[in-house]
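Participant: All chains should be modelled from the sequences, with the hints used to inform the complete structure.
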Amino acid sequence: MKKIKLSIEGMHCSSCAGNVEKSIGKIPGVGNVSVSLMTKKGFVDADEKVSEEELRKAVARAGYRVTKIE
Amino acid sequence: MDEDFEIINWRNKLIGAWIFTIPIAIIMFSERLFRMSIFPEEFMTPAILILGFPVIFIFGWQTIRGGARGFYTFYFNMDSLIALGTVIAYISGILSFYNFVDDYSGIGSMIMSIFITGKYIETKARGKATQEIRKLLEFGAKKALIIKGKDEIEIEIKDLKIGDIMIVKPGEKIPTDGIVIKGGSAVDESMITGESLAIEKTVKSPVIGATINQDGILYVKATKIGNDTFLSHIIQLVEETQSTKVPIQRLADKITNIFVPAILIISLLSFFGWWFFTKDINKSIEIFIAVLVIACPCSLGLAVPIALTVGSGMGAKRGILIRKGEAIQTMKEIKIIAFDKTGTITKGKPEVTDIYSKVKQDYLLEIAGSLEKLSEHQIAKAIIKRAGLKKYKEVKNFKILRGRGVEGNIGKKKIVIGNTFLIKEKQISLRGFEEKINLFESEGKTTMIIAENGKTLGIIAVADVIKDEAKKVINYLNWIGYKTAMITGDNERTAKVIAKHSGIEEVVANVLPEDKVKKIKELQNRGMVAFVGDGINDAPALKQANVSIAMGTGTDIAIEAGDIVLVSGSLVGVAQAIILSKATFRKIKQNLFWAFAYNVIAIPLAVAGLLHPIIAEIAMALSSITVVTNANLLRKVK
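Residue numbers (the working numbering), protein chains in the order written: chain A, 19 to 88; chain B, 195 to 832.
It is worth saying that the hints were derived from the structure and are not from the lab. A few of these clues could be false.
Restricting the straight-line Cα-Cα distance to at most 30 angstroms, the calculated cross-link-like pairs of lysine-lysine (DSS-like) are [as the list claims (entries may be wrong)]: (1) K690/B x K712/B; (2) K448/B x K44/A; (3) K363/B x K415/B; (4) K418/B x K40/A; (5) K737/B x K59/A; (6) K352/B x K20/A; (7) K783/B x K59/A; (8) K418/B x K23/A.
Please read all numbers here as calculations on a predicted model, not as lab measurements.
Facilitator: Structural data, given as structure tokens:
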């Protein structure tokens, strides 16, 4: 398991944060996801095999953009 | 900054939208209220459509686009509702040319403008909620003055490397974490620890980046840079906390996630229901729009996170790091607060408490200090500190007698310092001192006896003293209804003395480190337990407690150990953390109540056709503003 911190752009309401959580949660190998509208950050617990690309795509699928992955 | 950009963005849209919406409002209301037409009737709808176009499709474009996305990705959000409501309203204007329906396009523009206004206010208030953490980010120094060869040069903070020697002048910020290698000064660490008193720093003292040097010049060797510094750790921690969930939030989150699709369905049902029963297409459209725009997932979804953000930010400012949202909720169930003794209730370092001497006290301290200087023992350090000698006497034949004391020669005099056991072993008489020794020991103090040439000169009592603020804090906690307990490995007598002086109600003494968990479990049979410890030796006990509060001691804090971490070692933080948690949780409950109540009342009213779409939109904007503003009111708590 690794802990990933995402900076996400474009979220402006709480259903946005919920959408991102749902979308990321669908990636196989992702455990706990917590996205905050307040800090515009998402914290993801994921398997080693989950790639940055998959995370970016999941966020884009919900309609938002990842600006930074740590 | 990102947040500021967002605020400016909404503000620009707000100005643009209202420039076009105000004329629309004048046209509409002059006609409705005064039966006075500025234009001939047939020009009215085209005028409103032309004026309304930029409002909805230019200034509201982001909302329309974001909302429309929801309809093909099925990730609906707030925008989907507003987009649908305003676009339908606009289309009704076009259709009204053919006399199908009434013209609601003006209302659509107004809804968009009010929505944008609400968002602007909400974004601003959200920015305010995160102000503490943003201030933390700005705390860091921008530049550093370092020694390079023989020169002093100023460099950008990002170019600083580990091992660089930084020069910190009075009044300046210490650029990064490091160790003092030359100089001495008082440093104001309040922005990090919440501790208002300046801390004395001398050679070898660790210093924290972003704290302010007050009066002397410090030469500091950088030990940590960039993301590894203490300040960065605190910022990361607070950010993480603000993304954690409070258990009470679960229901609100579940509702938020299905909220938009549910409202879409409810609004469609209302539309068809009204149409079916009344055959009034205009009323049906009005209700359809009203239901779409009144529903507010934002107030629901923001209720908890915003209060948590304000609460954790306020804590961070005072050196209280709340690591888990859950702790805030559990805190209100806590009945017993258990403290570790050493380093938590007490200072953790022995200090000289009493000196009883048959010779001059200065002389006693001089010989004691000179001998103990050669020892590394904790008690020796306390004596050296108390003696505060500038010059030490030369000691010959120095010997450490393990577990008993030390001996050595100063000039022609043979000095022995040790416990009663050692003194008796050396067959030195304690006559005239027994009473004092018994008294000190009954107070839980360790007594060191100083003898010269086989004759006792005096005694020095050493004890791990109670922190200055302990009594006040513990009495307060008792007063507001908590049961306080202390868990310690000390013997019953010493522990009881400490408990008596600090106001602790219950003592659990003679506890081996590995049994602390068991003792906490026992306490838990009587109610939820919060445990306060140092986080290094107490990690398992902290884990067992319902809420764990780990005390820091300056630079190295065991951040992982506690649900709540106190940066400074002051017990005042314990009381503050409890007050803050409770206040934050109260806000969370209030916010959830308002958000639920609002939606539960407003949606049926809209479905029943009792709310005009514009009133509905104003109510929606107000509901999320209320929640955000209410959270910011948490700052009133001291």
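Participant: Please go over all the hints and tell whether each is borne out by the structure.
Facilitator: Hints versus structure:
no., hint, verdict
1, K690/B x K712/B, "20 angstroms, holds"
2, K448/B x K44/A, "16 angstroms, holds"
3, K363/B x K415/B, "14 angstroms, holds"
4, K418/B x K40/A, "38 angstroms, violated"
5, K737/B x K59/A, "27 angstroms, holds"
6, K352/B x K20/A, "27 angstroms, holds"
7, K783/B x K59/A, "24 angstroms, holds"
8, K418/B x K23/A, "22 angstroms, holds"
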